[in-house]
Amino acid sequence: MTSVAPLTSPAAAGGFWRELARQREWSIAALIALTVVVVASVNRDFLALDVFRNIFVAAAPAAIVGCGLTFVILTGEIDISVGSLMGVCAVAMGQLASPSYANLPVPAAIGLTLLLATGVGFINGLLVTFGRVPSIIVTLGMLTALRGATELLMAGKWITDLPAGLRFFGTGRLLSVPISIWVAVVVVIASMILARNTPLGRRIYAVGSSPSAARLAGLSPNRIKLFAFTLTGFLVGVATIVSVPQLSTIESGIGAGFELVVVTAVVVGGTSISGGKGTIIGTVLGVVLLGMVRTVLVFLKLGQEATYWERAIQGGFILIAVLVDHVTRRRGAEESS
Amino acid sequence: MMQTTPAAPAGLAVTPRSRFFEGGFPYWHEVVLAILLIGLMVVAGVMDPRFVQPRRQLLLSTHVWELALLALPMTYIIVTGGIDLSVGAMIALSGVVLGLTYEAGMNIWLCCALALATGTAAGALNGVFVSLVRVHPLIVTLATLSAYRGIAEGISSGRPLSGFPDDFSWLGRGDVGGVPIAAIIFAGAAIVAGVVMWKTPFGRSLYAMGYNETATRFSGIKTRKIKFILYTMSGLSAAVAAILLVGRRNTAKADIGAQMELDVITAVVLGGTSIFGGRGRILGTVLGVLLIHETRKFVEWRFHNDPLISVVVGALLIVAVLLNSAFTPRGRE
Numbered sequence: 001m002t003s004v005a006p007l008t009s010p011a012a013a014g015g016f017w018r019e020l021a022r023q024r025e026w027s028i029a030a031l032i033a034l035t036v037v038v039v040a041s042v043n044r045d046f047l048a049l050d051v052f053r054n055i056f057v058a059a060a061p062a063a064i065v066g067c068g069l070t071f072v073i074l075t076g077e078i079d080i081s082v083g084s085l086m087g088v089c090a091v092a093m094g095q096l097a098s099p100s101y102a103n104l105p106v107p108a109a110i111g112l113t114l115l116l117a118t119g120v121g122f123i124n125g126l127l128v129t130f131g132r133v134p135s136i137i138v139t140l141g142m143l144t145a146l147r148g149a150t151e152l153l154m155a156g157k158w159i160t161d162l163p164a165g166l167r168f169f170g171t172g173r174l175l176s177v178p179i180s181i182w183v184a185v186v187v188v189i190a191s192m193i194l195a196r197n198t199p200l201g202r203r204i205y206a207v208g209s210s211p212s213a214a215r216l217a218g219l220s221p222n223r224i225k226l227f228a229f230t231l232t233g234f235l236v237g238v239a240t241i242v243s244v245p246q247l248s249t250i251e252s253g254i255g256a257g258f259e260l261v262v263v264t265a266v267v268v269g270g271t272s273i274s275g276g277k278g279t280i281i282g283t284v285l286g287v288v289l290l291g292m293v294r295t296v297l298v299f300l301k302l303g304q305e306a307t308y309w310e311r312a313i314q315g316g317f318i319l320i321a322v323l324v325d326h327v328t329r330r331r332g333a334e335e336s337s
Numbered sequence: 001m002m003q004t005t006p007a008a009p010a011g012l013a014v015t016p017r018s019r020f021f022e023g024g025f026p027y028w029h030e031v032v033l034a035i036l037l038i039g040l041m042v043v044a045g046v047m048d049p050r051f052v053q054p055r056r057q058l059l060l061s062t063h064v065w066e067l068a069l070l071a072l073p074m075t076y077i078i079v080t081g082g083i084d085l086s087v088g089a090m091i092a093l094s095g096v097v098l099g100l101t102y103e104a105g106m107n108i109w110l111c112c113a114l115a116l117a118t119g120t121a122a123g124a125l126n127g128v129f130v131s132l133v134r135v136h137p138l139i140v141t142l143a144t145l146s147a148y149r150g151i152a153e154g155i156s157s158g159r160p161l162s163g164f165p166d167d168f169s170w171l172g173r174g175d176v177g178g179v180p181i182a183a184i185i186f187a188g189a190a191i192v193a194g195v196v197m198w199k200t201p202f203g204r205s206l207y208a209m210g211y212n213e214t215a216t217r218f219s220g221i222k223t224r225k226i227k228f229i230l231y232t233m234s235g236l237s238a239a240v241a242a243i244l245l246v247g248r249r250n251t252a253k254a255d256i257g258a259q260m261e262l263d264v265i266t267a268v269v270l271g272g273t274s275i276f277g278g279r280g281r282i283l284g285t286v287l288g289v290l291l292i293h294e295t296r297k298f299v300e301w302r303f304h305n306d307p308l309i310s311v312v313v314g315a316l317l318i319v320a321v322l323l324n325s326a327f328t329p330r331g332r333e
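Just so you know, the protein sequences line up as chains A and B, in that order.
Just so we're aligned: 18 in the numbering used here is position 18 of the first sequence, and the numbers increase by one with no gaps anywhere.
Just so we're aligned: 306 in the numbering used here is position 306 of the second sequence, and the numbers increase by one with no gaps anywhere.
These aren't lab readings, by the way, just hints derived from the structure by calculation.
Careful: at least some of the hints might be erroneous.
Ranges of calculated distance between the beta carbons of each label pair, as one might list FRET restraints [unchecked claim]: (1) A:Asp45 <-> B:Tyr211: 55 to 61 Å; (2) B:Phe218 <-> A:Leu200: 37 to 43 Å; (3) B:Leu110 <-> A:Ser248: 48 to 54 Å; (4) B:Phe218 <-> A:Leu34: 42 to 48 Å; (5) B:Ala315 <-> A:Leu34: 45 to 51 Å; (6) B:Pro201 <-> A:Asn54: 55 to 61 Å; (7) A:Leu302 <-> B:Ser162: 44 to 50 Å; (8) B:Lys222 <-> A:Leu126: 38 to 44 Å; (9) A:Thr35 <-> B:Ser162: 51 to 57 Å; (10) B:Ala215 <-> A:Phe168: 58 to 64 Å; (11) B:Ala113 <-> A:Leu200: 55 to 61 Å.
Just so you know, even glycine gets a beta-carbon here, dropped at the ideal spot from N, CA and C.
Isolated chain B (complex conformation) (with noise of 0.2 Å):
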């Protein structure tokens, strides 16, 4: 919200058309989100009142806050022009020590911090891989997919693994006010990685490594660490991802968070962050996540049709970019 600020008033008054045309008012991506945003719900709205009603959008949110969160280093990563397809793999891997910890008779906050750790480590080898051994972060995140999937796999042998205590689950169901505990998390990482982005010297570089990777790092950006920390953040989060999951679901299994990557892809890359790098804000992807989220639960409520939801979702990203891409001058790519 913080940064719908315009960025230079003076500036749009002093030649405004030539400006909005070159690309000098920065938010047209988010301002066309939030009106699609808006007459979504207008129209769901008009067609259904029950739908917008506060209390029933919150009932209807459960789902979204894992997938919100995890959005959040995926910005970061992409900005930098990389990405990370292991983040389902990583929650699936993080959810199932969660349970065999907790089966093998652990203290339930101890098998949590366990989890978190699994998740970082995770995240933290995509980071060696990618920082260090300077793979293309598609193939390395392609390779521990599989991997940290398969070790998923592995270890709890296809089980489900369940029975956590109640004062557990409350993490992943319980709320506050009537704000739901993961919203709540959410929201607060939102807002530091916004501001992160918005306004620290870390996250303007972030950027710069996006646009030009070698001119960042010989200015003096030590960009092999950022990528490091981005993709332990990544694996970080993807850990918290899983411990909300498994609470709500109060069961923890080697498929938890198929397919997630691309949903949180999606989410990003329809916020206007360019998946070339460079480009994008925590605002856009935020927007992103609720178009994708409420277009979802939409199509859902009022049709009960799930697969028509996928074709929407996926016709919806191509679009965004093809008209994203059609506004770019050619000579930025």
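Bound-form chain A, shown alone (with noise of 0.2 Å):
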């Protein structure tokens, strides 16, 4: 394999303009510092420390799963029960750690839990490419499996006693940072070393771009998208350590509707979901500019009504993320689909 398709698509005729809204990453960043400047002219407050870091700490986990899904997303394939699976886990990693059921130390918690994550992911990733199962229904399927299961584990319990060295990952800071924005940082700097720099992010791009080509360059797309669902799990299990423990209750509710954040924020970071075009940074710019949403409505003090709106406004960031796409598409590229 010598060289695969590059990060963005090369330079097109329409001109620097057009080049550079192609470019989603430029275009999410700009739309993130306005809605700052804006919301701060409106309310001073606004430009507080706590605020960013409580928006970051809020977007940390989207952003650590984000990074798999953008994998999974990139091979063509989609995960969409990330959400269920953080609910699985939290509730696995409380009964394993809370004295009132297993009381594990926390690291074999903990250890159990990313395995749980990952053996999941692994399975998601095996139906996928061996079983020859859409990735769409696999994970649906897995979605309100995994709902269930999180259900019969807590049988309408709620877990309120979890250790203190467990509560450390989601509360504790190190140098005033939380821990979750740290692994956070880890998690996104490494895929974007994975994605860039190694042969294996360089063969992502490639199945995603043509799984048949990718077969003849003597690439294994059944392997390297069993890498990415594996991942992704994994992922899961890691977002799930640093933000459960930030609640002091766990309950069968976590994670519901986490698949549909994680997703939207992808897709907005312009990665393509027929696979092989997107980035890491366009994914974690996705997840800022919607976790910024519910922390702006506040701040520009619409009253208590506003927030109400979020999910309407996440929702027509897509659909001008898709016009934006629409718009500044070469013609000749389009009729592909």
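Two chains, two frames, some hints: make the complex.
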């Protein structure tokens, strides 16, 4: 294998501005900057360190899982089971660590949670690749089954006695930055290196761009897809460990709807749902943009009613992103769909 | 029911075995579903005869009709290779519009008309994005899933809206000679949908689109117009389901129909419709809906265990498709 598709599409004949708009990362970064400026001019309190820390803490789990999901979508597949998987991991972790259930030491509980998450991701991958079941079906089935498994495990109860050692992963800070942000930064940087600078990363792009060409080039699309699904499962485990202990109670509703947030962020970040095109940094910017909406609505002082519009605005972002794509897309490229 | 007539009895008589294994007998998926359904009912009947009483079955069936109604346009859409994730959100939006306009003092039937118009418009917007802007339907309907439910939450501020008049609630709760109104609406819609898909050029072109959309467009079929119609129909069905649902519960709230899209898609895929398009029948969808419904109700009835049902349904979906793909020749995908 010599070279595969570059990170962004080759320069279009459409000129500088069109090219700039085609690089989704810049338009989202500009949109985030514009939002910050507008909100700060309405309400000075927005420009506080605490506000941004809260935005990033809230966005961290989606950023961590978003990295894995970006790889899955780059290979042309999808995983909508991440929310349910987070729920089952949260409950498993809670019950393993809680004194009133298994009462295992915290490292053991964390290790087993990661193993569970990775295992489910691996099963997803096996069913998609060697079972030849479409990924939307596999992960839809998993979404339903894992949600049921979570409720079976909880049996209508809540876990309230998480050990302090576990709570530290959610509430602890290192150099006054919350643990979850550190972990998210590490995951994002590692994923960027994986995507840009390793043969495996380039092969993921190759498989997504053209599975048949990748196969002719001697790659195994199945093994690469299996890797992407397993990685996503593992990262869901990581996200669970750093985000769920922020709460003092664990109940069975954790992670519900999380899959939509993550898929939305990845797509807003410019990753093509048909695979082969997209970047980690785009996903991270998408996560931050969507994660800001609620805080921004509060700081714009539009009253309590305004926060009910959060989801409508998030949905609007995807439609806008999609329209921008349509307007800037080269004419020759669009008939391929 | 009408689709079970054997496709080519003469052909089967000549070389039955090879025809069968090459997929010559096209209804094996429906046969498997019917056997599973009958098996389930027999087991249920033996374990608890009260479960299979017709009167009990009708009482248990109140929730299924809205889901079944949505599964019809979803079958069309998935057969063309598309998907509609926003049906649950369109129910919420139509339901909330119904509640708000009634609260504002309008005539209840005018409110119903407005709810139908809202659902149709929401579906049409999906259709515009899919057919004109040509965005992947998964993305479009994922976006509108958030947007429509968000608008429903926004305009109602998340409040429950209730206090509907009795003659309206009758739509959701009433019956004609023991058969629920919703069941009659569904039966009519299913027969029309089945015949249209089976016998009309429009119905056959859906399969063509699912196999090869470009070739279908080049052969003169207006694929974009068809897609627009399908997504609009999906919105209209969601609005009808919303009216039935709000009538039955006598409450409209922005969270009605949550996660319903997953149940609907599960039923359609379980019914044998290929998620890649080109394959699927209304009869299979009806059987898929019934199988999920009866499994769910039986587990509820017998074990009083809701979460277990999700595990069973999720596993059922994966296993059904796994078996389906194991029986499909490799080249077909």
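Verification of the hints:
{"no.": "1", "hint": "A:Asp45 <-> B:Tyr211: 55 to 61 Å", "verdict": "58 Å, holds"}
{"no.": "2", "hint": "B:Phe218 <-> A:Leu200: 37 to 43 Å", "verdict": "40 Å, holds"}
{"no.": "3", "hint": "B:Leu110 <-> A:Ser248: 48 to 54 Å", "verdict": "49 Å, holds"}
{"no.": "4", "hint": "B:Phe218 <-> A:Leu34: 42 to 48 Å", "verdict": "44 Å, holds"}
{"no.": "5", "hint": "B:Ala315 <-> A:Leu34: 45 to 51 Å", "verdict": "47 Å, holds"}
{"no.": "6", "hint": "B:Pro201 <-> A:Asn54: 55 to 61 Å", "verdict": "58 Å, holds"}
{"no.": "7", "hint": "A:Leu302 <-> B:Ser162: 44 to 50 Å", "verdict": "27 Å, violated"}
{"no.": "8", "hint": "B:Lys222 <-> A:Leu126: 38 to 44 Å", "verdict": "41 Å, holds"}
{"no.": "9", "hint": "A:Thr35 <-> B:Ser162: 51 to 57 Å", "verdict": "38 Å, violated"}
{"no.": "10", "hint": "B:Ala215 <-> A:Phe168: 58 to 64 Å", "verdict": "60 Å, holds"}
{"no.": "11", "hint": "B:Ala113 <-> A:Leu200: 55 to 61 Å", "verdict": "57 Å, holds"}
In the structure shown, a violation is registered for the earlier hints numbered 7 and 9, in ascending order.
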